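Read top to bottom, the protein sequences are chains P and F.
Read in order, the letters of the first sequence correspond to residues 1 to 489 in this note's numbering.
Read in order, the letters of the second sequence correspond to residues 1 to 468 in this note's numbering.
Read the hints as simulated data drawn from the structure, not as lab findings.
Here the structure is a predicted model, which means the values were calculated and not measured.
Virtual Cβ for every residue (Gly too), placed ideally from N, Cα, C.
It cannot be assumed that every hint is accurate.
[Claimed, not checked] Pair by pair, the computed Cβ-Cβ distance ranges are:
| hint | chain 1 | residue 1 | chain 2 | residue 2 | range |
| --- | --- | --- | --- | --- | --- |
| 1 | P | Ala36 | F | Leu292 | 19 to 29 Å |
| 2 | P | Thr24 | F | Asn301 | 20 to 30 Å |
| 3 | F | Asp303 | P | Pro313 | 52 to 62 Å |
| 4 | P | Asp371 | F | Val120 | 37 to 47 Å |
| 5 | P | Pro61 | F | Ser44 | 29 to 39 Å |
| 6 | P | Pro313 | F | Met48 | 42 to 52 Å |
[Unchecked claim] Partial list, derived from the structure: chain F residues whose beta carbon lies under 8 Å from chain P:
| hint | residue |
| --- | --- |
| 7 | Ala251 |
| 8 | Ala256 |
| 9 | Ala275 |
| 10 | Met279 |
| 11 | Gly320 |
| 12 | Tyr331 |
[Unchecked claim] Non-contacting residues of chain F with respect to chain P, defined by C-beta distances greater than 12 Å in every case (computed):
| hint | residue |
| --- | --- |
| 13 | Leu58 |
| 14 | Val124 |
| 15 | Glu349 |
| 16 | Val400 |
One-letter residues, chain by chain:
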Amino acid sequence: MNTPLRRISLVVMGMFVVLMLAITSIQVFQAGDLNADTRNQRATFREQGRERGPIVVAGEPIASSVAVDTPFAFLRTYANGPLYAPVTGYSSIVFGQTAVERSANTVLNGTAPSLWRQRLGDLITGRQPSGGSVELTIDPAVQQAAFDALGDREGAVVALDPSTGAILAMVSTPSYDPNLLAGHDTAAVNTAWQELLAAPGDPLVNRAIAGDTYAPGSTFKLIDLAAALSTGDYAPDTRVAAPDVLTLPGSSSTISNPAGETCDDGVTATLTLALQKSCNTPFSQLAITLGEQAIRDQAEAFGWGEELSVPMPVTPSRLGDIESEAQLGQTAIGQLDVRTTPMQIAMVAAGIANDGELMTPYLEATERAADLSIVAETEPSTLSEAVSPEVADQMTEMMVNVVENGTGWRAQIDGVRVAGKTGTSQTGINEGTSRDFPHAWFTGFAPADDPQIAVAVVLVNGADPNSEQYSGGQLAAPVAKAVLEAGLR
Amino acid sequence: MATIQALTPSRSRWRELALLVPAVGVGVYAYLQVGLATGGAPPSDLLMFAGLLAGVGLLVHLVLRWRAPYADQVMLPIVIALNGIGLAMIARVHLGLQGRTRSWDVDPSRQMMWVVVGTVAALVVLIALRDHRTLRRYTWTALIAGVGLLLLPMLPGIGRTINGSRLWVGVGPFTLQPAELAKICFAVFFAGYLVTHRDTLTLAGRKVLGISLPRPRDLGPILLAWAVSVGVLLSQRELGTSILLFGLFIAMLYVATERLSWVVIGGLLSLGGVALVAMNVGYVQARFDVWLHALDPEIYNRDPGGSGQIVSGLFGMANGGLFGTGWGEGYPWLTYSANADMIMPSIAEEIGLVGILAVLMLYVILVLRGLRTAIGIRDGFGKLLACGLAFTMALQCFVVVGGATRVIPLSGLTMPFLAAGGSSLLANWIILALLLRLSDGARRPGASVEATPVAVVSLPPREGVARA
Numbered sequence: 001m002n003t004p005l006r007r008i009s010l011v012v013m014g015m016f017v018v019l020m021l022a023i024t025s026i027q028v029f030q031a032g033d034l035n036a037d038t039r040n041q042r043a044t045f046r047e048q049g050r051e052r053g054p055i056v057v058a059g060e061p062i063a064s065s066v067a068v069d070t071p072f073a074f075l076r077t078y079a080n081g082p083l084y085a086p087v088t089g090y091s092s093i094v095f096g097q098t099a100v101e102r103s104a105n106t107v108l109n110g111t112a113p114s115l116w117r118q119r120l121g122d123l124i125t126g127r128q129p130s131g132g133s134v135e136l137t138i139d140p141a142v143q144q145a146a147f148d149a150l151g152d153r154e155g156a157v158v159a160l161d162p163s164t165g166a167i168l169a170m171v172s173t174p175s176y177d178p179n180l181l182a183g184h185d186t187a188a189v190n191t192a193w194q195e196l197l198a199a200p201g202d203p204l205v206n207r208a209i210a211g212d213t214y215a216p217g218s219t220f221k222l223i224d225l226a227a228a229l230s231t232g233d234y235a236p237d238t239r240v241a242a243p244d245v246l247t248l249p250g251s252s253s254t255i256s257n258p259a260g261e262t263c264d265d266g267v268t269a270t271l272t273l274a275l276q277k278s279c280n281t282p283f284s285q286l287a288i289t290l291g292e293q294a295i296r297d298q299a300e301a302f303g304w305g306e307e308l309s310v311p312m313p314v315t316p317s318r319l320g321d322i323e324s325e326a327q328l329g330q331t332a333i334g335q336l337d338v339r340t341t342p343m344q345i346a347m348v349a350a351g352i353a354n355d356g357e358l359m360t361p362y363l364e365a366t367e368r369a370a371d372l373s374i375v376a377e378t379e380p381s382t383l384s385e386a387v388s389p390e391v392a393d394q395m396t397e398m399m400v401n402v403v404e405n406g407t408g409w410r411a412q413i414d415g416v417r418v419a420g421k422t423g424t425s426q427t428g429i430n431e432g433t434s435r436d437f438p439h440a441w442f443t444g445f446a447p448a449d450d451p452q453i454a455v456a457v458v459l460v461n462g463a464d465p466n467s468e469q470y471s472g473g474q475l476a477a478p479v480a481k482a483v484l485e486a487g488l489r
Numbered sequence: 001m002a003t004i005q006a007l008t009p010s011r012s013r014w015r016e017l018a019l020l021v022p023a024v025g026v027g028v029y030a031y032l033q034v035g036l037a038t039g040g041a042p043p044s045d046l047l048m049f050a051g052l053l054a055g056v057g058l059l060v061h062l063v064l065r066w067r068a069p070y071a072d073q074v075m076l077p078i079v080i081a082l083n084g085i086g087l088a089m090i091a092r093v094h095l096g097l098q099g100r101t102r103s104w105d106v107d108p109s110r111q112m113m114w115v116v117v118g119t120v121a122a123l124v125v126l127i128a129l130r131d132h133r134t135l136r137r138y139t140w141t142a143l144i145a146g147v148g149l150l151l152l153p154m155l156p157g158i159g160r161t162i163n164g165s166r167l168w169v170g171v172g173p174f175t176l177q178p179a180e181l182a183k184i185c186f187a188v189f190f191a192g193y194l195v196t197h198r199d200t201l202t203l204a205g206r207k208v209l210g211i212s213l214p215r216p217r218d219l220g221p222i223l224l225a226w227a228v229s230v231g232v233l234l235s236q237r238e239l240g241t242s243i244l245l246f247g248l249f250i251a252m253l254y255v256a257t258e259r260l261s262w263v264v265i266g267g268l269l270s271l272g273g274v275a276l277v278a279m280n281v282g283y284v285q286a287r288f289d290v291w292l293h294a295l296d297p298e299i300y301n302r303d304p305g306g307s308g309q310i311v312s313g314l315f316g317m318a319n320g321g322l323f324g325t326g327w328g329e330g331y332p333w334l335t336y337s338a339n340a341d342m343i344m345p346s347i348a349e350e351i352g353l354v355g356i357l358a359v360l361m362l363y364v365i366l367v368l369r370g371l372r373t374a375i376g377i378r379d380g381f382g383k384l385l386a387c388g389l390a391f392t393m394a395l396q397c398f399v400v401v402g403g404a405t406r407v408i409p410l411s412g413l414t415m416p417f418l419a420a421g422g423s424s425l426l427a428n429w430i431i432l433a434l435l436l437r438l439s440d441g442a443r444r445p446g447a448s449v450e451a452t453p454v455a456v457v458s459l460p461p462r463e464g465v466a467r468a
């Protein structure tokens, strides 16, 4: 019986060899795919088990990991959740990461290439690996002022440092509390998620940079003006056609001025006055005269169509297909298919404020290792030369005039020269509902002579035509004023 | 010129004692690491843990010196090492769950109690059973006992259905899986039956296409074994036990008759049986889907019968990679039954490919030692019994690990000595005792074998010599 016993031994060894090959295949060759599988909870646990680095604003952590007695070891906690939610986003064991939590994920969880020295140290000393920290450019006072000024209205504010592109404020309301999504109780997190999805005003959408885009209305006239002045054929005091009613070429549609007002004498007006009173007909006619390409080029010089990452992706603004001079005339006043983000409008103001040099907006100032040594620092960079310094100066003076004598007077600050432009844009959608109310806009910067802060404000469907408060000047300019004041303090 | 060295087995068991030191050390080290990683301090009952393993090892060692001085010296240390690793992982999973309620969670102290129970059973076997050939007297008793044990869960009142399989009997707070013990009874029966009938099975019959076919009436027992295993599968909804019993019988039949035809017939019958059942029982079909398409979202999300458990095991193994996360650093408790059916992926996660291959090598050595014992034994009954016991352990490893690694469909068997579960531990400690007893018989100097005549048994004929 010994021969079959020996054969059985061989069979047994063969069986174990098969098992060993199968295990090797899984743990070595299939491991990469398995670890990357989205259903693999262990990836989340691995990240959560490590101490995630903080997100810091002005030296104070706004998102940090707190050691807790759950299997995840660390609970992500947001110090002032709703205020900073559009910036931090959330880090959830169920829904992953968004916003900075996502864009800076590798730094925060400690796996970024820039943190190699720290990881090597952890490996040698056996220290529990921890994440790096990210310091943001946000100015907490500006952020808070914008958040308070918007209140419970649906809107967004972006504030930039014109000379660097640093984002000083990024607010979107209504907001949400990321702590609700960062919890370790999966069921509670799911419930909170469903409630946020169903909540009015889409709190999970960051209106400042992504998701929805809005017709910019009269703030777009800055583009027409920049294009005109840049040709050299126009000056602030150049008189342009300013009829009460402009019949668009090749169509029966007409454009009239806001509230049917007359701009100057009803025939012509200076560019300065047209901007001051935000007359529609001069800018429509101006754009038609300059041609589509000039408007398109100027818009792109200010960032239209640009796929920015700040580091969160910014939805590119667009002009739409302009198929006729009539459509160009409507595009010129920020209507028809023009769609933009508050970030884009803030960039227009910032470009003008910075002598025509548009800086690339950014949110991350520094990345630091756990021992606080700086491993990466954002160098301000130029996105484009939007206009010449001369044109920028002319536009600055004309925008100061808007605030001092025109539609933007509610943004006046005592002792400070504020430059600005209002906008009230019809949406042309959902007629007959409150969703059809125009968006109220304001963009500007201050001080005009040495700009420290540029701002864009939008109140989504905020201008109820049936009320007294129905224009960007009335609704958005006070918000901008509060933000500018906070930035100058 | 070949030199034949006469092996003079030594009665001293110092080698076993020396091997027990690292064997206990492996488990204690693992448990210490678990405590350090999960609680930041050595576990409070570390000394008790170490004392249990060392005490059990030492006690069995001493009894072996007294009752089976020639027994194999490697088996016991391997089993102590496996027990230690298993206990450490069961404790680790229990700690990882942190009070979350899981039906499969096992308190490590309960498992420690079962180690003691298993040891006591092994000691009883070693002390009471002086010569393995005594067991041959109980050939038919063993059959009745085996079938009885298999049917026990079907009895109303004490039968319990757990996880859809009616495999347990419950008495008070204790549940037992009698199939684990039944396999020992069947090994005894098969060995006794085959050693008596091997000649008729070997020599009678016609040759067809180079394979000698058995006579129809000799097919009886094999058909009976087939019927029992398929019957178990159908009635208790359990694939693993039937594979185990049938594989055991085929292997022993092959060793007894040395004829491949039995293996071919057995293979065809088992394939046919599995196919028959797969077509008729929904859950077996679901297991096949899970086996073949585990990662398909449709199969993964299916409830019930989804592949979540096996895929979670795969994720764990991938997480472990080459060197593992380290004891207490992984997430094995995410997997359903991480301390029993899926304990091998749990171990693979925390000590990596390197560690799990080492654990598998322990099994290889244990099984090959058992088969070596079979070769060394002088009587046919002992050969068959040793072979059956060793092979059943190997087959069980194959079914369990193969199931978790998608070599074969997953079925509910437990890893010998490692997995949580009292019946499995008890049965395997008894198997260890039997193998030690058999190896003592195999290595004991010839004279003493003849000096211990057994009344009922006449020594079997030498191979190839037919009896009339």
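We went through each hint and held it up to the structure:
no. : hint                               : in the structure
1   : Ala36/P with Leu292/F: 19 to 29 Å  : 22 Å, holds
2   : Thr24/P with Asn301/F: 20 to 30 Å  : 29 Å, holds
3   : Asp303/F with Pro313/P: 52 to 62 Å : 36 Å, violated
4   : Asp371/P with Val120/F: 37 to 47 Å : 57 Å, violated
5   : Pro61/P with Ser44/F: 29 to 39 Å   : 36 Å, holds
6   : Pro313/P with Met48/F: 42 to 52 Å  : 58 Å, violated
7   : Ala251                             : 6 Å, holds
8   : Ala256                             : 7 Å, holds
9   : Ala275                             : 22 Å, violated
10  : Met279                             : 26 Å, violated
11  : Gly320                             : 6 Å, holds
12  : Tyr331                             : 5 Å, holds
13  : Leu58                              : 30 Å, holds
14  : Val124                             : 28 Å, holds
15  : Glu349                             : 8 Å, violated
16  : Val400                             : 9 Å, violated
Figure legend: structure checked against the earlier numbered hints; hints not met, in rising order: 3, 4, 6, 9, 10, 15, 16.
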